[in-house]
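A.B. asks: What follows is the residue order along each chain.
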Amino acid sequence: MAVSMDLPATAELVAERKARRAVVEDRFFYGLTLASATFVVIMLLGVMVALIVGAWPALSTFGPAFIITERWNPVKEIFGALAPIYGTIVTSLIAMVIGIPVSFGIAIFLTELCPQPLRRPIGIAIELLAGIPSIIYGLWGFFILAPFLQTTIQPFLIATLGNVPVIGILFGGAPYGIGLFTAGIVLAIMVLPFITSITRDVFLTVPVMLRESAYGLGMTTWEVVRSIVIPYSRIGLVGGIMLGLGRALGETMAVTFVIGNSHNISASLLAPATTISATIANEFSEATGDLYTSSLIALGLILFVITFGVLAIAKWLLARTAIKV
Amino acid sequence: MASYARRRASNTIALSLSMVATVIGLFFLAAILVTLLLRGGLAISPKIFAENTPPPGSDGGLLNAIFGSLAMTALAVVFATPIGILAGTYLTEYSRGSKLGEVAKFINDILLSAPSIIIGLFIYTLLVVPFGHFSAWAGAAALGLIALPVINRTTQDMLGLVPNSLREAAAALGTPKWKTMTHVIYRAARSGILTGVLLAIARVTGETAPLLFTALNNQFWSTDLGAPMANLPVVIFQFAMSPYDDWQRLAWGGALIITVAILALNIVARLLSNIGTSK
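Protein chains in written order, with our numbering: chain A, 1 to 325; chain B, 1 to 279.
If you are wondering where the hints come from, they were derived from the structure by calculation, not from laboratory data.
Keep in mind that a hint or two might mislead.
Derived DMTMM-like pairs: lysine to aspartate or glutamate, alpha-carbon spacing no greater than 25 Å straight-line [what the hints assert, rightly or not]:
#1 B:Lys99 to B:Asp157
#2 B:Lys179 to B:Asp157
#3 A:Lys18 to B:Glu93
#4 B:Lys179 to A:Glu16
#5 B:Lys179 to A:Glu77
#6 B:Lys179 to B:Glu168
#7 B:Lys47 to B:Glu168
#8 B:Lys179 to A:Asp290
#9 B:Lys177 to A:Glu286
#10 B:Lys177 to A:Glu223
#11 B:Lys177 to A:Asp26
#12 B:Lys99 to A:Asp26
#13 A:Lys76 to A:Asp290
#14 B:Lys177 to B:Asp157
#15 A:Lys18 to B:Glu168
#16 B:Lys179 to A:Asp26
#17 B:Lys177 to A:Asp290
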C-alpha cells in the first residue's frame, strides 16, 4: 500500500522537477537570445563612442572649421575635411546620375519586356555584380577602365563639352584617367545591382488590376510604366535610390584605386581628387602623430553620420512599402 | 493627346533604351569577369598555392595570404554565427512589440549597408591601439562584425518562414521553448540559415578596408594570431599599386581566386535557398 502511495508522488515530483528545470533552461535560452540582440545595439553605440573619442583631439583643435577647411597638411599638422567631403559627394552624385537611369531601365526591362524564361537568369546575373568585392572593381577600374577613359572618352569630353560656356569648367584640364569622373563611373556600376533589385521588387508590388486596367484603356507599355507603375511605387523607388547612395558614399577600395588621392578641390570633374573613405584607406597606416590619426578618425565620424542618415531615410521609406529588403 | 504614331514611337524608344540599359549592365559583368579570367588565368599556377608572397622582383605565390584569409574568415564566422542566429531568434520569436526589438532590427539593417571601413576604425581603436600592434585577432573581429548583421538578418527572414503550426504543435506536447527552437524550428529553417552563413562568408571574403588597419599584412608565413597576418585582399591592394610586374601579376591571380570563391559561394547559397523554399 505504502509503495503504491509513494509512486505517484515520486512521479509527480520528477515531473515537477522537470518542469522547473525547463523553466530555468528556457530563461537561460531567452537570456542568450536577448544578450545577442542587445550586442547588435551595443555594437552600434560602441562604434559611435569609439569614433567620437578618437576624433576628439582633431575636433577640439580645429573646431567646426574642420569641415570647411580645404588644407590638408600632415607636415604642419593642419587638417581640413572639405576636399574629402567634396569628393565623396561629387563621386556619389556622378554615380547616381549614371546609375539611376540604367537601373530603372534594367528594372523596366525585367518586369515589362523580358521573356519569362530569361527573367531569372538576367536578374541573377545583375545581382552577381553585387557579389563581386569592391577591390576587384578597383583593380579593374585602375588597370582597364581608367586607361580606356583617358585615351577615348575624356579627350572627347574635353574637346566638346569642355568648350561649352559655364559647364565647360567641369570638363577642363588634362585627361588624367583617374579622378572624380572615373570613380563616379565605377561607383555607378557598383550601385546598379542594389538599385535594380529594389526597383524591380517595388515595380512588382503594383497591383495587376491597375496595370491591366491601364492596358485596357489602350495605353502603351511605356505609358503604363510612366503613368501607373512609377507613380504607384515612387516611395519605394526613392528608398532604393537612397540605399544605393548609402553604398556609394561609403565605398572604399574601388574608389581608392581610381580617385588619385589629391587634397585639392578643382572645378574639373576629370581631375584627381579624394574621398573620405579613400583618404582613410590611403593614409591611415602611414599617419604619424596623434593629430593626424585623430583627423582621419574624425573623417570616419563624418562619413558615419552621413551614411547613417541616408540609410535611415532609405530604411524608413522602404518600410512604408510592402517589399522586404 | 499625342497622335497614335507618336505614342507608338515614344514607346519603342523607351523600351529600346531599357534594353540598352540591360545590355550595359550585363556588359560590365562580362567585362570584369573576362578581364579577371584573362589576366588572373596567366598568374594561376601550382606555385601560387605553394609559395609565400615574394619580395619585389622575384617569383613566388600567395600561400600565406590564402591561409591568412581562410583563418581570419573562419574565426569571424565562428564568432558571428551563434550570436547572429541567437539575435535573429530573439527578434523573430521573443521581441514582438518590444522597443528593443524594433531598435535592434533597425540598427541591424543599417549595419548591413554601413561602410565597412568604419568597422575597421572601430576595431582599430578597440583592439589595435590598446595592444599597441596589429593582429590577426583584430582582423577576425572586424570581419566578424561585418558578418554578424548578414547572419542575423537571414535568420530573421528564415525563421519567419517557418509555419506557426510547428511551434504550436511543439508547445502542445509540452516542449520547453528552447527545445522547440533547437529541435524543431532551427531544423526546419536549417538550409535557410546555412544560406545566411554562406552569404556572410562571401561578404567578408573580399573585405579589404577593415583589414587595412586591423590585420594589416605580413610578408612571411605566420600562424600567430597575435601578430599581423597576410590576407588576400590587402596583398592584392598592395601588389596592384606597386610598380613591379611580378607583384601585379600575383594581384590579378589573387583577384581571380577571390572572385571565383565568392561567386561559387553565392551560387551554392542560391541553390540551397531554392531547395529550402521549394520543400
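A.B. asks: None of the hints should be skipped; say for each whether it holds.
C.D. replies: Going down the list of hints, with the structure as the test:
no.: 1; hint: B:Lys99 to B:Asp157; result: 19 Å, holds
no.: 2; hint: B:Lys179 to B:Asp157; result: 20 Å, holds
no.: 3; hint: A:Lys18 to B:Glu93; result: 23 Å, holds
no.: 4; hint: B:Lys179 to A:Glu16; result: 17 Å, holds
no.: 5; hint: B:Lys179 to A:Glu77; result: 60 Å, violated
no.: 6; hint: B:Lys179 to B:Glu168; result: 13 Å, holds
no.: 7; hint: B:Lys47 to B:Glu168; result: 57 Å, violated
no.: 8; hint: B:Lys179 to A:Asp290; result: 52 Å, violated
no.: 9; hint: B:Lys177 to A:Glu286; result: 53 Å, violated
no.: 10; hint: B:Lys177 to A:Glu223; result: 54 Å, violated
no.: 11; hint: B:Lys177 to A:Asp26; result: 6 Å, holds
no.: 12; hint: B:Lys99 to A:Asp26; result: 22 Å, holds
no.: 13; hint: A:Lys76 to A:Asp290; result: 13 Å, holds
no.: 14; hint: B:Lys177 to B:Asp157; result: 19 Å, holds
no.: 15; hint: A:Lys18 to B:Glu168; result: 20 Å, holds
no.: 16; hint: B:Lys179 to A:Asp26; result: 8 Å, holds
no.: 17; hint: B:Lys177 to A:Asp290; result: 52 Å, violated
The structure shown violates the earlier hints numbered 5, 7, 8, 9, 10 and 17.
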